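J.: Listed here are the chains, written in short residue letters.
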Amino acid sequence: MPEITYREAIHDAMVEEMRRDETVFLMGEDIGTYGGAFGVSAGMLAEFGPERVRETPISELAIVGAAAGAAMVGMKPIAEMMFMDFVLLALEPLANQAAKARFMFGGKATVPMVLRLPGGSGTGAAAQHSQSLESILMHIPGIKVVAPSTAYDAKGLLISAIRDPNPVCFVEHKLLYKVKGEVPTEEYSIPLGVAEIKHEGSDLTIVTSGIMVQKSLAVAKKLEAEGISVEVVDPRTLRPLDTETIIKSVMKTGRLLVVHEAVKTGGWAGEVIASVSESPAFDYLDTPMRRLAGKDVPIPYNRNLEAAAVPQEADIEAEVRAILSNQY
Amino acid sequence: MATWKKLEFDNYETTDVLAKAKELDLSNDNLLEMYQTMIRIRLFEEMADKLYALGKVHGTMHLSAGQEAVAVGTGFAIKRSDYLLNHHRGHGHFIASGADVGKMMAEFLGKDTGYCRGHGGSMHIADVTANNLGANGIVGGGIQLAVGVGIAIQMRKTDQLVLTLFGDGATNEGIFHESLNMASIWDLPVLYLCENNKYGMSADITRVSSKLPFKDRALAHDIPGYYIDGNDVLAVYEFIKNAADHIRAGKGPVFVEAQTYRYFGHSKSDRNLYRTKDEIDYFKTEEDPISRFRNLLFTAGILDEKRAGEIRQEEEVNIDKAVEFAENSPEPDVTKLTEWVYA
Chain A
1 MPEITYREAI
11 HDAMVEEMRR
21 DETVFLMGED
31 IGTYGGAFGV
41 SAGMLAEFGP
51 ERVRETPISE
61 LAIVGAAAGA
71 AMVGMKPIAE
81 MMFMDFVLLA
91 LEPLANQAAK
101 ARFMFGGKAT
111 VPMVLRLPGG
121 SGTGAAAQHS
131 QSLESILMHI
141 PGIKVVAPST
151 AYDAKGLLIS
161 AIRDPNPVCF
171 VEHKLLYKVK
181 GEVPTEEYSI
191 PLGVAEIKHE
201 GSDLTIVTSG
211 IMVQKSLAVA
221 KKLEAEGISV
231 EVVDPRTLRP
241 LDTETIIKSV
251 MKTGRLLVVH
261 EAVKTGGWAG
271 EVIASVSESP
281 AFDYLDTPMR
291 RLAGKDVPIP
301 YNRNLEAAAV
311 PQEADIEAEV
321 RAILSNQY
Chain B
1 MATWKKLEFD
11 NYETTDVLAK
21 AKELDLSNDN
31 LLEMYQTMIR
41 IRLFEEMADK
51 LYALGKVHGT
61 MHLSAGQEAV
71 AVGTGFAIKR
81 SDYLLNHHRG
91 HGHFIASGAD
101 VGKMMAEFLG
111 KDTGYCRGHG
121 GSMHIADVTA
131 NNLGANGIVG
141 GGIQLAVGVG
151 IAIQMRKTDQ
161 LVLTLFGDGA
171 TNEGIFHESL
181 NMASIWDLPV
191 LYLCENNKYG
201 MSADITRVSS
211 KLPFKDRALA
221 HDIPGYYIDG
231 NDVLAVYEFI
241 KNAADHIRAG
251 KGPVFVEAQT
261 YRYFGHSKSD
271 RNLYRTKDEI
281 DYFKTEEDPI
291 SRFRNLLFTA
301 GILDEKRAGE
311 IRQEEEVNID
321 KAVEFAENSP
331 EPDVTKLTEW
341 VYA
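Taken in order, these protein sequences are the chains called A and B. Be aware that the first sequence starts at 1, since it is given in the numbering used here, and climbs by one per residue. Be aware that the second sequence starts at 1, since it is given in the numbering used here, and climbs by one per residue.
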């Protein structure tokens with residue numbers, strides 16, 4: 001299987017769906033000649049022209065509002081926020097219009113749109129260009145939230161997101177764009193709402209997403225040499241959340257650690273832990289369930305400060321060891 | 001009313017209905033149908049108010065009595081194939097675009113037979129299958145959706161347009177400028193209709209707006225803008241028709257601001273503390289859109305007291321039937337509460 005980057009996987013998913021379905025189009029800032037702030041849409045303007053690779057003014061509110069409007073009348077827009085942080089400028093059309101139209105209108109409307117959101121820290125972009133806001137989006141009924149951790153998942157999930165009849169927020173981690181992975185050349189898709197066990201284990205379950213999957217896998221592999229068996233579960237879709245896979249894993253391992261980059265307070269780790277608490281898996285727990293999340297701070301600029309604000313491999317390793325030795 | 005009509009309208013007041021109808025290619029039947037639709041809206045709103053007073057309406061509502069000429073002039077000037085994005089005071093526009101008053105009334109009472117099966121209420125009446133993309137509870141909510149609907153129409157190369165309605169208050173939302181700018185740079189088939197009823201809830205629009213009329217803001221985005229008398233139904237028809245022709249010719253968006261007045265309060269919590277009884281009475285006696293049109297039709301000999309009485313009676317029966325249908329309709333099934341959260 002050929003190896004391509006996460007960036008190329010997202011690009012290929014959009015290009016292939018636009019070739020297959022003429023109602024799919026892309027809109028956003030600097031997505032044309034520039035190729036998008038992270039180069040994801042490079043070359044697409046030349047193939048599809050300015051109507052289907054529609055470069056917009058810097059008007060996030062209108063971009064998301066327009067995507068919702070186009071979707072309501074049968075188009076399948078993909079709207080790109082240059083940085084996930086900017087979705088805060090456009091929560092109104094997302095939360096009040098796109099998410100609610102179907103319900104509010106008695107099941108008669110569908111809003112098949114995708115909102116691509118490059119998020120996460122690690123680039124020195126500081127507080128307003130580094131956030132992980134997926135928990136905010138998960139709190140709105142009517143929206144799906146997807147967060148791929150590999151090139152394979154990114155392509156397969158984005159294809160499903162584009163074909164999905166609901167508004168889907170597609171969270172891309174900026175540090176993953178350069179990461180390569182095996183992606184088949186033939187057509188495939190990955191259903192939304194289905195988790196994947198990225199690494200099997202029996203001593204402890206880590207539920208994690210996005211860039212933290214890569215970090216957790218590195219820790220799992222390192223600890224394996226010491227005979228510590230960590231299972232890494234990647235929900236891939238945060239809403240709807242595949243609690244069944246998570247619960248089964250916890251029933252097997254008896255221990256749960258949830259790792260995410262988003263800040264701890266109100267973060268989705270709490271949702272995962274609550275779901276396990278409410279399930280039969282609670283009785284299988286050997287230790288308290290734990291969260292390892294971003295600190296409750298805005299992302300700082302300085303390299304060391306920035307790294308300290310979100311979980312790193314060493315933090316994950318230390319937390320796993322602490323749980324396994326009952327020291328928390 | 002010293003401050004009233006201090007701005008000049010772009011339309012000439014309709015004084016000779018026969019001459020105007022000829023110019024606009026409207027038959028006497030068309031004129032009578034327009035009149036009857038205005039009566040239907042007025043009676044619908046008065047009945048809605050009555051039902052609320054009787055405690056039969058669960059939520060609030062925003063009544064449009066006094067603004068019927070904008071709804072009817074517009075509804076008759078655009079096509080059923082055009083898309084409609086309504087504002088929260090939208091009953092009149094739905095009725096003028098051909099909506100079933102029974103289904104509207106049922107939605108009002110939260111019934112399963114309502115347009116939104118009791119899930120939306122007065123503020124969210126929609127009929128997507130009939131290109132009615134819904135009333136909106138967010139001020140300016142439809143203005144942003146209109147850009148996307150315009151893009152869809154343009155990409156499909158159809159003869160449609162999207163009509164987005166909003167009040168004077170919405171012009172002070174940031175989305176107003178983002179939307180007009182986008183529609184202008186891409187020549188989108190969007191008809192912006194600002195229904196200026198003088199107040200954004202309680203805020204006198206002259207107090208909260210830097211410059212009037214709002215058409216100047218459209219002109220700033222290189223969009224043709226007009227400020228017209230929204231209580232002159234044929235003037236509304238004429239300007240919306242011309243705007244629609246301009247848009248269908250591929251020349252891009254048009255902005256029309258129709259000056260009108262609402263008789264009821266903003267919503268049911270309104271005690272009219274921000275305006276005088278004299279002002280309300282002035283509009284009801286001197287500017288009422290239905291009386292003005294009726295007088296013109298009387299003068300032209302198209303309508304007389306007898307026929308006017310019959311029309312009113314027909315519509316009273318129509319509205320009574322709507323209420324009966326709504327009251328006899330079943331409640332939504334509570335066990336299906338989550339059915340439409342996701343498609």
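Just so you know, the hints here were simulated from the structure itself, not pulled from any lab data. Everything numeric in this text was worked out from a predicted model, so none of it was measured. Where hints are given, some of them may not hold.
In silico lysine-lysine, BS3-like type, Cα no more than 27 angstroms apart, as pairs [to be verified]: (1) 295/A - 264/A; (2) 336/B - 79/B; (3) 336/B - 108/A; (4) 108/A - 321/B; (5) 108/A - 157/B; (6) 248/A - 264/A; (7) 251/B - 20/B; (8) 284/B - 20/B; (9) 198/A - 180/A; (10) 241/B - 251/B; (11) 108/A - 111/B; (12) 252/A - 198/A; (13) 108/A - 198/A; (14) 56/B - 108/A; (15) 198/A - 222/A; (16) 241/B - 20/B; (17) 198/A - 221/A; (18) 108/A - 79/B.
J.: Holds or violated: are the alpha carbons of residue 284/B and residue 20/B at most 27 angstroms from each other?
T.: Status holds; Cα separation ~24 angstroms.
J.: Taking only the CA atoms, is the gap from residue 56/B to residue 108/A under or equal to 27 angstroms?
T.: 26 angstroms, holds
J.: For the pair supplied as a hint, residue 251/B and residue 20/B, is the alpha-carbon distance within the 27 angstroms limit?
T.: 26 angstroms, holds
J.: Residue 108/A and residue 157/B: Cα distance at most 27 angstroms?
T.: The hint holds at about 24 angstroms.
J.: Does residue 108/A pair with residue 198/A here, judged by a C-alpha cut-off of 27 angstroms?
T.: Distance ~39 angstroms between residue 108/A and residue 198/A Cα, so the pair is violated.
J.: Can you confirm whether the C-alpha distance between residue 108/A and residue 79/B stays at or below 27 angstroms?
T.: 21 angstroms, holds
J.: Mind checking the alpha carbons of residue 295/A and residue 264/A for me, to see if they're no more than 27 angstroms apart?
T.: 6 angstroms, holds
J.: Going straight from one Cα to the other, do residue 248/A and residue 264/A come out at no more than 27 angstroms?
T.: 24 angstroms, holds
J.: Do the alpha carbons of residue 198/A and residue 221/A lie within 27 angstroms of each other, as the hint requires?
T.: Holds. Residue 198/A to residue 221/A sits at ~11 angstroms (cutoff 27 angstroms).
J.: Against the 27 angstroms threshold, does the CA-CA distance of residue 241/B and residue 251/B hold or violate the hint?
T.: 14 angstroms, holds
J.: Hint check: residue 108/A vs residue 321/B, CA-CA at most 27 angstroms. Holds or violated?
T.: With Cα atoms ~25 angstroms apart, residue 108/A and residue 321/B stay inside 27 angstroms; holds.
J.: Please work out if residue 252/A and residue 198/A have their alpha carbons no farther apart than 27 angstroms.
T.: 15 angstroms, holds
Hints 2 and 13 from the list above are not met by this structure, while the remaining hints are.
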